[in-house]
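Each chain, written out:
There are 2 protein chains.
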Amino acid sequence: MIKRVGSYTVEFMHPPIITGYSSVVGKKEAEGPLGKYFDKIFYDSRAGQPTWEKAEAKFQQEAFIGAMTKSKTHPEDIDFVFAGDLLNQLISSSYSMRSFNIPYLGQYGACSTMAQGIIMASFTVGGGSARETAVVTSSHFCTAERQYRYPLEYGGVRPQTAQWTVTGSGSVIVSNEGKGIEVVNATVGKIVDKGIKDINNMGAAMAPAAYDTILTYFNDTKTTPKDYDRIFTGDLGQVGSELLHQLLNDDGYNIDSIHRDCGLMIFDRDTQDVHAGGSGCGCGASVLCGKILKDMEKGKYNNVLFIATGALMSPTANQQGESIPGVAHLIHLKCQ
Amino acid sequence: MIKRVGSYTVEFMHPPIITGYSSVVGKKEAEGPLGKYFDKIFYDSRAGQPTWEKAEAKFQQEAFIGAMTKSKTHPEDIDFVFAGDLLNQLISSSYSMRSFNIPYLGQYGACSTMAQGIIMASFTVGGGSARETAVVTSSHFCTAERQYRYPLEYGGVRPQTAQWTVTGSGSVIVSNEGKGIEVVNATVGKIVDKGIKDINNMGAAMAPAAYDTILTYFNDTKTTPKDYDRIFTGDLGQVGSELLHQLLNDDGYNIDSIHRDCGLMIFDRDTQDVHAGGSGCGCGASVLCGKILKDMEKGKYNNVLFIATGALMSPTANQQGESIPGVAHLIHLKCQ
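Going down the list, the protein sequences come from chains D and H. Mapping of the first sequence onto this note's numbering: position 44 corresponds to residue 44, and the numbering continues sequentially without gaps. Mapping of the second sequence onto this note's numbering: position 314 corresponds to residue 314, and the numbering continues sequentially without gaps.
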């Protein structure tokens, strides 16, 4: 059912199917260019919860319930849930999934976690370990700022290369049968670290990882950008996207016209003061579930690469003078 | 190649094989009852590195290299590495694996991560997505104390229910062919939270999760403790082990004579001042790779359950008044 293509890519002969998906975002994301596409909006950043961390768990729960509703599944149908977020010890995920009684596998790939989760779900469904699986990831501007940077009250100035963590969540149901969008290939990324140490320039740290994974995938599958309708990256933002184009151009691959970055799609950089664009586990997840999969179902495009990118450092590692390791995981999606 | 047994258990018809394994521990662990079994000992808690965090990454690298050496594999043979640790953003794993150029999938299940990683590796190998995979996890007393509790210099008093985080790492190579120990069944655990809020009593928080997973497994496979030579738990310690026995006894399962807990095996509680026993991702991992798999290869026992347990809270969640969600993942190991 699964075969390996080239050195690193996996092909699903009987492709796992995304039978349901849902997105939940906050107010700022709802005010952006994709506002009308998201399934649910919390205008209150606490989503009625006493803390932002509990709010982020609530976002995940709503996205997961929305995805199950769309695929007509129930928690007891789900064999495994792959969940992840940016918070220490993945608390958004463990607390959000606590009430559902589903075998739980915590995933951490920073902002690449949505693609990682879909790959893990596809491995289990495609390999016969599961019939129905779920993936859910989230991020929240307020929880991320206070964990990674400064207390919000401090009002630290953000440089122009900084990205704005998306408050949002996305969830998909990956099944071994049914109607939906197929996961046909996957490439798991290697850790790539080019020595970038500026935690306000994640795009530059992640672009070389995206480049490595995309190039690996083209080599493994003997395809070129011309074979795809769209290539979406998770959240390289402006700086990282320009770097990616440049790196791929040097190898003779021009993706400028078909590449879109979720971090650039979700906010209007001219009016929303987000600097280099959006970021976070919830960025790629909410844009995938809010816009990309919907557009594919509508027939707007049917042959898509989705590459989510992650920066794997922590404040502790950064304070100890470490550079930022990047990673990028790729899935190839097709309409049935 | 893989079929589902009962509601939650997966059976590998062509079992993935642990073809190599290795363990690395610190001084205190080397002075414990299992000291002579570990493959490598760092008597310096910094392992020659400038910080404890970098030392923990070094422990992982040494364990991984040891496992590859035993299975006669090289980094370029490994299709995926599943790695995890207790540190925020899994930095021990991302920094340790950065230099190996292997597709990387970060796993987080707190102290259950070794079992989770072996299950993910078995899903990919058993399902055809990979030929050779690696799993590596670690923990370090000094990095864990300062992240989860107090600066070491503070000298906080530890209550008798507290466990001592093991400084150590274990790594296995999981392959689709070769000589070694077979992974025949796996049960992924659900999140179980009985409302325990005392972060100095992890055993009590994790025991109900271990109970849930073991009971699920017995029900799914229609087996009883009599069918196994040994049942090992990851790190329930004294408090959690007693609770587990009690809970299973209430269901008519007596495991007292065949159950061993890695947290109780690794230290001598009478002389090593560890209170309720050892804990940490590196506890189950180093005991599995240092003692259990070696004993199986020697023929001491050949039909074993290994259940690693994790407590999924964070200091932030705890400060916000949350209870501690537990999880436990089970693998059934057999000699070839």
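A hint or two may mislead.
Claimed, not checked - Derived pair list, reagent style DSSO-like, types lysine-lysine, alpha-carbon separation capped at 30 Å: (1) D:K70 - H:K3; (2) D:K3 - H:K334; (3) H:K40 - D:K3; (4) D:K3 - H:K194; (5) D:K36 - D:K3; (6) H:K3 - D:K179.
None of these hints come from the bench; they were simulated from the model.
- Message: Flag every earlier hint the structure violates by its number, smallest first.
- Response: 3, 4, 5
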